[in-house]
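Taken in order, these protein sequences are the chains called A and B. With full-length UniProt numbering, letter number 70 in the first sequence gets 70, and the count goes up by one each step, no holes. With full-length UniProt numbering, letter number 129 in the second sequence gets 129, and the count goes up by one each step, no holes.
It is worth saying that the hints were derived from the structure and are not from the lab. It should be emphasised that the depicted structure is a prediction, and the values quoted were computed from it without experimental measurement. Glycine is no exception: its CB is placed at the ideal position from the N, C-alpha and C atoms. Be aware that a few hints might be false.
Some residues of chain A that are not near chain B, with every Cβ distance over 12 Å (derived) [claimed, not checked]:
| # | residue |
| --- | --- |
| 1 | A26 |
| 2 | D28 |
| 3 | T51 |
| 4 | G56 |
| 5 | R88 |
| 6 | A91 |
| 7 | P95 |
| 8 | A96 |
| 9 | G150 |
To spell it out: a stretch of chain B is covered by chain A in this simulated footprint if at least three of its residues, at any positions, have a beta carbon under 8 Å from a beta carbon of chain A; those stretches are [stated by the list, open to error]:
| # | segment |
| --- | --- |
| 10 | 68–79 |
| 11 | 117–128 |
One letter stands for each residue in the lines below.
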Amino acid sequence: MITRTDCAFLAVFLLAAPVSAQQFTAGDITVDQPYAFETAPMARAGGGFLTVVNEGDAPDRLIGVRSELPRTEIHLSSMQDGIARMERVDALDIPAGETVELAPGGYHVMFLGLDGNAFEAGEEIDATLVFETAGEVDVTFTVRARDGMGDGHGSMEDHGEMGEHGAEGMSHDMAPAE
Amino acid sequence: MRGKTLIATGAAGLVALGVGVIAFTSFSGGGAENCATASVGADIGGPFELVNAAGETVTDADVITAPSLVYFGYTYCPDVCPMDAARNAQALDILAERGVEAQGVFISVDPERDTPEVVGDYAAAFGDDIVGLTGSEDQIRAASRAYRTFYSLPEDRSDPYYTVDHSTFTYLVMPETGFATYFNRDTTPEEMADTVACFAGS
Chain A
1 MITRTDCAFL
11 AVFLLAAPVS
21 AQQFTAGDIT
31 VDQPYAFETA
41 PMARAGGGFL
51 TVVNEGDAPD
61 RLIGVRSELP
71 RTEIHLSSMQ
81 DGIARMERVD
91 ALDIPAGETV
101 ELAPGGYHVM
111 FLGLDGNAFE
121 AGEEIDATLV
131 FETAGEVDVT
141 FTVRARDGMG
151 DGHGSMEDHG
161 EMGEHGAEGM
171 SHDMAPAE
Chain B
1 MRGKTLIATG
11 AAGLVALGVG
21 VIAFTSFSGG
31 GAENCATASV
41 GADIGGPFEL
51 VNAAGETVTD
61 ADVITAPSLV
71 YFGYTYCPDV
81 CPMDAARNAQ
91 ALDILAERGV
101 EAQGVFISVD
111 PERDTPEVVG
121 DYAAAFGDDI
131 VGLTGSEDQI
141 RAASRAYRTF
151 YSLPEDRSDP
161 YYTVDHSTFT
171 YLVMPETGFA
181 TYFNRDTTPE
191 EMADTVACFA
201 GS
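Based on the provided sequences and hints, a complete structural model is requested.
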């Protein structure tokens, strides 16, 4: 039998520290592997991606994202007959017991207003995800190299599961031109 | 729902593209007629006049000097466009390794925000073998019409981060013969490189 006190202890413990460098938890919600892709130097917007696991018995909703950038929003890319559309959404349902992926080509976090401060591989972007029930979850997006960027020096090895690895693989590509 | 100005350029052609089936044929033959092609119900491509990263007005004859992977997008697009641009860049990398000359052409459909400098910077981020082009609204509309692409700018562009709906096909255009085929988003860099190499006669 788990008592209310146990729950409180558990909650404090879970909130105290990320489970790992790539995992962030609050209540029944675990946010796994937040990452963003490197952008062009003058890019104004960047996309962030992650996986949300709801281990609880009740549905939750992602209702907001904050970061130090001028605007951070939840967007949905969709594709119909070869036409890409993107729209801002107010909330994203995270059903009980389910895993929801924010992945390229679908839901993503939109970082708006980079304005001269491009995402560079290996960089980390702090953000706060706001869930209706679980509350706020502070996360860190690791910027990954994107295959095909950086004038062809990227390779499949550059973006493994761990963002750190991608950073090492891409660092020489993203160095400013002398 | 935000109001949109629809700039449909050849809806019939677009539908033909949307339902087009990529028919792969043997790569063993020497001529372009044996290359993988996508069925298209209308003429695609032709003359255009746009503005390059240096701010110079350029025509298709100036730009299409090598087998070209032509894509219409916009640089504020953080998700789909860079995926496609990166895929095209990977195909160009494969072609470079094989010694096949080819280039990418990224044409912005968002001239207000994509200045020559911005589109040039964006293209260069994916490789120095990618040309970034923008232009006046009229120039871009004409180029989009020629390639039967679709884009839709919001009527109200007071939000600096407005999004643009746009088609995501990549067109293979040859210097002498013009449009050869198109690729949809599912095409892999390897498949794309094979097709370009085939048309290039390599």
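Margin query: Tell me the hint numbers this structure goes against, listed in increasing order.
Written below: Violated hints: 5, 9; rest satisfied.
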